[in-house]
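Work out the full structure, taking the sequences as your base and the hints as a guide.
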Amino acid sequence: MNDNIKKTTPNGWTIENNGWALQDFEEQAAASSGKVKVATVWLDGCSGCHMSFLDIDEKIIGLADLIEIVYSPLVDIKQFPGGVDVTLVEGAVSSDEDEEKIHEIRNGTNLLISFGDCAVTANVPAMRNQFKVDDVLTRAYVENATFNQQIPRFGVPRLLKKARPVHEIVNVDLFLPGCPPPSDAIYYVLGELLEGRIPDPKGKTRFGA
Amino acid sequence: MTEQRLHPRGKPLRTDVNPVRLLMCKIDGKDISAREDETILSVARQNGINIPTLCHLDGLSERGACRLCIVEVKGAPRLLPSCVTLVRQDMEVTTNSERVTAYRRKILELLFTERNHVCSVCVSNGQCELQALSVELGMSHVHFDYIYPRHSIDATHSRFSVDHNRCVLCARCIRVCDEVEGAHVMDVMGRGITAKVITDLSQPWGDSETCTGCGKCVHVCPTGALSEKGKSVAEMTKRRQFLPYLQLMRKEGQK
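So the protein sequences, as listed, match chains A and B.
Residue numbering for the first sequence follows the working numbering, beginning at 382 and increasing consecutively.
Residue numbering for the second sequence follows the working numbering, beginning at 63 and increasing consecutively.
Rather than coming from a laboratory, the hints here were simulated on the basis of the structure.
One thing to keep in mind: the hints can contain errors.
Footprint (simulated), chain A over chain B, 3 or more residues, beta carbon under 8 Å [what the hints assert, rightly or not]: (1) 180 to 188; (2) 191 to 199; (3) 206 to 213.
Quick caveat, the model's predicted, so the values are computed rather than measured.
Cβ coordinates follow ideal geometry from the N, Cα and C atoms, glycine included.
See below:
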């Protein structure tokens, strides 16, 4: 089977998903039915929250028996699947692609968690908000570049006027601040959700750490 | 020189022949005796009742700037700032009703939206009173839209720098400079959310002729707005022990 799936986003770039990965995923999903479907998303952030997630170390093996990661930078699925139970969103909403993605994610997710300070407060990505987008890009790609001074305009998502926290764009069900949230806090939140309780991360994490 | 000591409302303090009266009040259902010249905040703290504050600092005058210490007083239609409200006979105070905590949360959230508080890259990360309050009041996110105002950093002083992005306008720096150091270098310019702490007549701090460079302002600052140069993320430890000590020594010296 080699039916490549191509999807073109409104801003003109193509998301490719080769048939092999998709087929593989479908087989896995069929084999592991009954598990809680979890997705993690990386918007405008540094991936530190994902690193902290992996930092739960050996406990992740126990977690893997209960959850199935259906979409994540850690797995090879390019298209957000929909029908997801829990999605952890890392990063602020900074570009038109992020904005498009976050609506798609919200529609396909039961419980959406703002994962880390960039998602909760827009944090470091929002430090550019004091300036105009053109000024920021000129500073980065022209003034501070030694070679090939030009602002990238093709094949990259366009920046929004301001980087925004996720809950300013879509409804968020749970907030997990921290830069990054400590791995214990992440494990606690997922553990409580798997037990069917609503977690209260108060006291387990804070802004900036 | 006889010093006319005033209490927060400007009335002269009572003397030995006309001593301070004691009165009874109720805080959170607890019967408490207090001196008539004490504030609700100070009486509550003496009795182990915690009221969150940001602009209050032992050893400085009260400003009532942050409004986080608001409490409910029976019979009063609005919430009162406990740091500038004196206790009265038979006063009934509630420090943690649902109404009070909801307003405190809103005030705290608005403080976060008004400036650019980026905890993760702040010199005071982990040692910041604003950050600690967000944990204490259980604030997991801000319900209001962030303003993202444009604010400057003044690093013209040889030893200190001020980052207005992190300022909460508590006016501790202004008070310590005026009341303790006696230099009155700093003040507030503008109104509302455009208010800003300035040095001299809004001149660069480094050019200030009145600044003695004592650094008291830096150490009373609750956030990372004022910091020593050369400190990186989470490295700015504030040392405030000097303040009550200095005040006590001066009081003793006057005797």
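Do the hints match the structure? See the list:
no. : hint       : verdict
1   : 180 to 188 : holds (count 7)
2   : 191 to 199 : holds (count 3)
3   : 206 to 213 : holds (count 6)
Of the numbered hints listed earlier, not one is contradicted by the structure.
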